[in-house]
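Using the hints provided, position chains B, C and D relative to the given structure of chain A.
Chains as they are written, first to last, in the numbering used here: chain A, 29 to 366; chain B, 29 to 366; chain C, 29 to 366; chain D, 29 to 366.
Note that these hints are calculated values from the structure, not bench results.
Keep in mind that the hints are not guaranteed to be accurate.
Which copy is meant is left open, so a pair is good if it fits within one copy or across any two.
Claimed, not checked - With a Cα cut of at most 20 Å, we get these calculated SDA-like pairs of lysine to any residue:
1) K54 - G113
2) K51 - I324
3) K251 - R298
4) K251 - N271
5) K306 - G181
6) K251 - F272
7) K261 - V250
8) K261 - G181
9) K261 - L180
10) K335 - A323
11) K276 - N179
12) K51 - Q67
13) K306 - L180
14) K51 - S64
15) K251 - Y297
16) K306 - D260
17) K306 - E273
18) K55 - P74
19) K107 - I135
20) K251 - D279
21) K276 - R253
22) K261 - A219
23) K276 - K306
24) K306 - N179
25) K251 - K306
26) K108 - T125
27) K261 - F221
28) K157 - E206
29) K157 - I299
Here the structure is a predicted model, which is why all the values come from computation and not from measurement.
There are 4 protein chains.
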Amino acid sequence: MKIGVIGLGYWGPNLVRNFLAQKEVKKVIACDLKESRLQNIKEKFPAAVLTNDCMDLINSDTDAIVIATPVDTHYFFGKKALEAGKHIWVEKPFTATSDEAEELIDIAESKNLKIFVDHTFIYNGAVRKMKELVDNNVLGNVIYFDSERINLGLFQRDVNVVWDLAPHDLSIMNHLLEKHKIKALSANGIANFNGKENLAHISVYFEDNCFAHFHVNWVSPVKIRRIIVGGDKKMLVYDDMENFEKIKVYDSGVEFPTTESIHQALVQYRIGDMFSPKINQTEALALGANEFIGAINENRPPLSGGKEGLEVVKILEACDLSISNMGKIVELDNLVLV
Amino acid sequence: MKIGVIGLGYWGPNLVRNFLAQKEVKKVIACDLKESRLQNIKEKFPAAVLTNDCMDLINSDTDAIVIATPVDTHYFFGKKALEAGKHIWVEKPFTATSDEAEELIDIAESKNLKIFVDHTFIYNGAVRKMKELVDNNVLGNVIYFDSERINLGLFQRDVNVVWDLAPHDLSIMNHLLEKHKIKALSANGIANFNGKENLAHISVYFEDNCFAHFHVNWVSPVKIRRIIVGGDKKMLVYDDMENFEKIKVYDSGVEFPTTESIHQALVQYRIGDMFSPKINQTEALALGANEFIGAINENRPPLSGGKEGLEVVKILEACDLSISNMGKIVELDNLVLV
Amino acid sequence: MKIGVIGLGYWGPNLVRNFLAQKEVKKVIACDLKESRLQNIKEKFPAAVLTNDCMDLINSDTDAIVIATPVDTHYFFGKKALEAGKHIWVEKPFTATSDEAEELIDIAESKNLKIFVDHTFIYNGAVRKMKELVDNNVLGNVIYFDSERINLGLFQRDVNVVWDLAPHDLSIMNHLLEKHKIKALSANGIANFNGKENLAHISVYFEDNCFAHFHVNWVSPVKIRRIIVGGDKKMLVYDDMENFEKIKVYDSGVEFPTTESIHQALVQYRIGDMFSPKINQTEALALGANEFIGAINENRPPLSGGKEGLEVVKILEACDLSISNMGKIVELDNLVLV
Amino acid sequence: MKIGVIGLGYWGPNLVRNFLAQKEVKKVIACDLKESRLQNIKEKFPAAVLTNDCMDLINSDTDAIVIATPVDTHYFFGKKALEAGKHIWVEKPFTATSDEAEELIDIAESKNLKIFVDHTFIYNGAVRKMKELVDNNVLGNVIYFDSERINLGLFQRDVNVVWDLAPHDLSIMNHLLEKHKIKALSANGIANFNGKENLAHISVYFEDNCFAHFHVNWVSPVKIRRIIVGGDKKMLVYDDMENFEKIKVYDSGVEFPTTESIHQALVQYRIGDMFSPKINQTEALALGANEFIGAINENRPPLSGGKEGLEVVKILEACDLSISNMGKIVELDNLVLV
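Pulled out of the complex, with its shape left as it was, chain A reads as follows:
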């Protein structure tokens, strides 16, 4: 298999390294317009072939094109590559609009090509362990999902903090709570510096009584990367800043009322043991690359395909709409303010 990688900025070198390490990949061609970035790849990964002509690469005999360019170019490169008959791997977020995403999905389906959206976190050992715990009903019925991803971050020119940081946590939520259907959302945020929001809060309502909230922030003095999943049997905390005990499962929860207590406090809580499972350390990106190749070879949708990418883009669009209306609720299905 031959892989072309377009875009060698922050994340591109990791993609080159991981595809070079895949057994089935015989050749990786890396492409960027900037000479300094090509030089960097040459020094670090001498096995990679280099080019600065993206269109030439897309039309060469590669099997797949990996797109790691700014989000507003994903649609352009994705479409060209699909039209040239290549499978595509696209960095998150999938596209700049849901229309673009839908068009790419349609083209890929019509040509039986695969789209892989790089929601890296769902291949991460901690998230895979969380998925296992949710799917095995260890937590019971999930009643809420709470995510905080805040730190002093580099402001982006092209997107706000929601489009930059939230795709990670939204893809984790969608992956864990796939049985719960999202109904609508309300989002709030402010832009203090350059017109793009640097801090935002997103509340997601589900059709059952489940609820999710996301706090993303580029102007926090402390770095927090934390997800809580509250179930009616157990609850878990995933703290990505912990070096060792990243996931803790608490045998704590809410006790349901009995008729006797109905005139007193209606609901009680209990505190029990805590358990921190060992986390698999395999690099998420290696598993992602493997999943992409597997999906191509087995002619099946990948775990994070165009559909999953589109779902995240729809939520991001709804966030922008709600933020500009100061938290007004937006229906997810049709992106309409309620």
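Below, chains B, C and D without anything else, positioned relative to chain A:
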């Protein structure tokens, strides 16, 4: 000075103890309908006088009445006490509605009596240190306030999690950001168990570009009590779960754009030293009791008076209105959905 | 049962409170020479009877005498009380010398009276859980015990940091490792201020290959209260500064060599899950008081009796001897420098 | 300048990378007997020249030889390289015995060649900050140094835990406390598995009343990398497991006695502010390589030269001697049991 204390449940004994310790207080009369609670006070604070007749206490020769009963009775006892010519101390939240709060304020003013609302946290050493840092412009212009108060909590019969927990953080916000005027708010939450919200998020918009957010939660497996105040010069974190370094001031922040960088990332960040000031350990309630007595003796409004109590109640009412409209924005001035 | 408590300084009021709360105790007489301390007890625990005449108390009709005075007076009061036919409870450390301890033990045995030494920690929920884990062989064979008890502490006039802090950890070690026999110890320390050691390290050798180490320190800027127990199956950490997860049991350890690996690294390690059991919150002192009364009523030795107190005093004496010889090894049996 | 690197195991590739990045270095020749290690360097650092003939490399036209082989071969390669007229860089610990170290120092001096011992930590940003704080007398007079370096570690075939881990902390201590002269030491440890100590404690006495202690451990379930430096003005904690606030300086300490308090507790403590300075993030190894090249070019001793390497080796030898005598004190000057 003679003080009557009505309501000897969870917080009442602390009030009895603190008023007994005030130099100017000669007598504390403690009142509750439950015999077991009176017995408990008798054992722990033999110096207190006991009664189970509230109306008798209100009409006796006390100078002030302390009301530590459920919130929906604050108005009743407060009105009776003011009408009997007594100053009042009322537990947070001040009243169950803003109309009730306004009526009590009017009565007190007409009779030149003092109302003290027990926003205990503003007398806490860490919050006083934060106030000093904000007022001395150490943080620069405050751009956001973020509060998280979550743990596995006892469900209350009479109020939801917003009315139970948020008054603490709202009073801290109002105290620190008194120069910023609130415009409107948007709130979201769910009630999983007994019809009262057990988890909620509140976003507050100010007339300048300042922004605040509150996360209150009774169903979290971990206990978090954390406030971040982000300024354009420095930022601080108040972590009340820390045993020692409760406040950390970060010389970190956002660098403003220069014209040269305008075509690159527009805003940069910097990371500098951190400083953790020593916190005064005096019990907040002792300082609160002292402030109440001082306000009476000096015939001046206390730091946390009826006005401050009313502001918090208005925000709580707006939260309920917004939550039941899934985040729709509510104007604070007139409590109208926008 | 009637209990006399002598010494109402730092710890005495806790003793009065706990004995007052014991069902079988009908009367508590509290004694101190200082009027202010008697006054303090009068205010807080009006049910207690007060006296300033210790000898009178010892010779009155109490069943037991609780001795909470400075360590160099334990022998004097203990002997008088035993001679008057009273059971005794003595604060840690038991006595100022092992000779004193042995004499008190002999007197008590000859009169069939009970001695209880207040090694409070062995009644603490976390230590009881550790004992359960060790006794149930969850850890396997214990290979080492490591304790750190350091903070900025009040310097004592009468004893050094070893006599002040180490009895806690030594009693925990003796309790957990009762199957392992101590052989000898080596201790090092310095006295920077008033001639009494303010920082010390103690290494204890057992007859099997087990090993223990203690770090006690009054001049540390940070407060650490941590015990590690390393077994060949699992290892545990008890961190008393943690608010919630005080004990963590690690399924981590050392893999024993196979013949194949003998020419490579001889021993490997593995990392597995972690488990944090719920800890019982009952106040240790209440369980201690209960144990004392139970031992008297059932005519059996208490869990922490004269024998256990003597063992700790012998170790403390050996520490002093070794420290003054800069770490030279001291045999525990006969307190002789080797 | 041309640099030869012998030994491409765990640390060697970092050395190759850092010397390749030095401006003054024109060529790096990397040498190992194992083909797989040479292949690894070829892939990662294509600019490096490869060889499997060490003696040939030593005798070629390189200016300096970097020795990253097992410690018992340092003397052999070091001597050959010095005799061939090359400067040498030797990994820690410098040599297997102090006699070997002294002989290498003599040869180097006689030929005016430089020896650099890779005590990497003294080039680390946190340690350089600590050095600055000590040298600027921010801490006042240092009264103790306490180090803990424990985790679940790979057992080494050739050395015990003291020779493996303690050189880091001993070199930091010697660097920070260069004004204090070591007198003697006492060390204790056990070997549970393969005859080499897997856990040890080292107490170091200085000629003034300063004291140091080191805990090194391969069998701890938790990873701790912490140094406390206690001064009579301030105290600092260096916690290398912290992601951000690695150094904290506490304005806490011991208050000296006044005559009034002499009959009460003789010494008091105070708690003040805490300060965490920003740490320079430059890779320590890059600064080390720069120091080595600077020392050669300027014909001056490097910060961590043969003398500093010898001092650490002497302490390690004394530790072995004391451990095998169960803590008996050993004089540092002549390595004699006292």
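Each hint tested on the structure:
no.: 1; hint: K54 - G113; in the structure: within (19 Å within a copy, 47 Å between copies)
no.: 2; hint: K51 - I324; in the structure: within (14 Å within a copy, 46 Å between copies)
no.: 3; hint: K251 - R298; in the structure: between (30 Å within a copy, 14 Å between copies)
no.: 4; hint: K251 - N271; in the structure: both (14 Å within a copy, 10 Å between copies)
no.: 5; hint: K306 - G181; in the structure: between (30 Å within a copy, 18 Å between copies)
no.: 6; hint: K251 - F272; in the structure: both (17 Å within a copy, 9 Å between copies)
no.: 7; hint: K261 - V250; in the structure: between (31 Å within a copy, 15 Å between copies)
no.: 8; hint: K261 - G181; in the structure: between (36 Å within a copy, 16 Å between copies)
no.: 9; hint: K261 - L180; in the structure: between (35 Å within a copy, 13 Å between copies)
no.: 10; hint: K335 - A323; in the structure: within (14 Å within a copy, 61 Å between copies)
no.: 11; hint: K276 - N179; in the structure: between (22 Å within a copy, 15 Å between copies)
no.: 12; hint: K51 - Q67; in the structure: between (25 Å within a copy, 18 Å between copies)
no.: 13; hint: K306 - L180; in the structure: between (30 Å within a copy, 15 Å between copies)
no.: 14; hint: K51 - S64; in the structure: between (28 Å within a copy, 19 Å between copies)
no.: 15; hint: K251 - Y297; in the structure: between (30 Å within a copy, 13 Å between copies)
no.: 16; hint: K306 - D260; in the structure: between (23 Å within a copy, 19 Å between copies)
no.: 17; hint: K306 - E273; in the structure: both (8 Å within a copy, 17 Å between copies)
no.: 18; hint: K55 - P74; in the structure: both (12 Å within a copy, 18 Å between copies)
no.: 19; hint: K107 - I135; in the structure: within (8 Å within a copy, 69 Å between copies)
no.: 20; hint: K251 - D279; in the structure: between (27 Å within a copy, 15 Å between copies)
no.: 21; hint: K276 - R253; in the structure: both (14 Å within a copy, 19 Å between copies)
no.: 22; hint: K261 - A219; in the structure: between (39 Å within a copy, 17 Å between copies)
no.: 23; hint: K276 - K306; in the structure: both (10 Å within a copy, 14 Å between copies)
no.: 24; hint: K306 - N179; in the structure: between (26 Å within a copy, 17 Å between copies)
no.: 25; hint: K251 - K306; in the structure: between (23 Å within a copy, 16 Å between copies)
no.: 26; hint: K108 - T125; in the structure: within (17 Å within a copy, 62 Å between copies)
no.: 27; hint: K261 - F221; in the structure: between (44 Å within a copy, 14 Å between copies)
no.: 28; hint: K157 - E206; in the structure: within (15 Å within a copy, 40 Å between copies)
no.: 29; hint: K157 - I299; in the structure: between (23 Å within a copy, 16 Å between copies)
When held up to the earlier numbered hints, the structure conflicts with none and fits them all.
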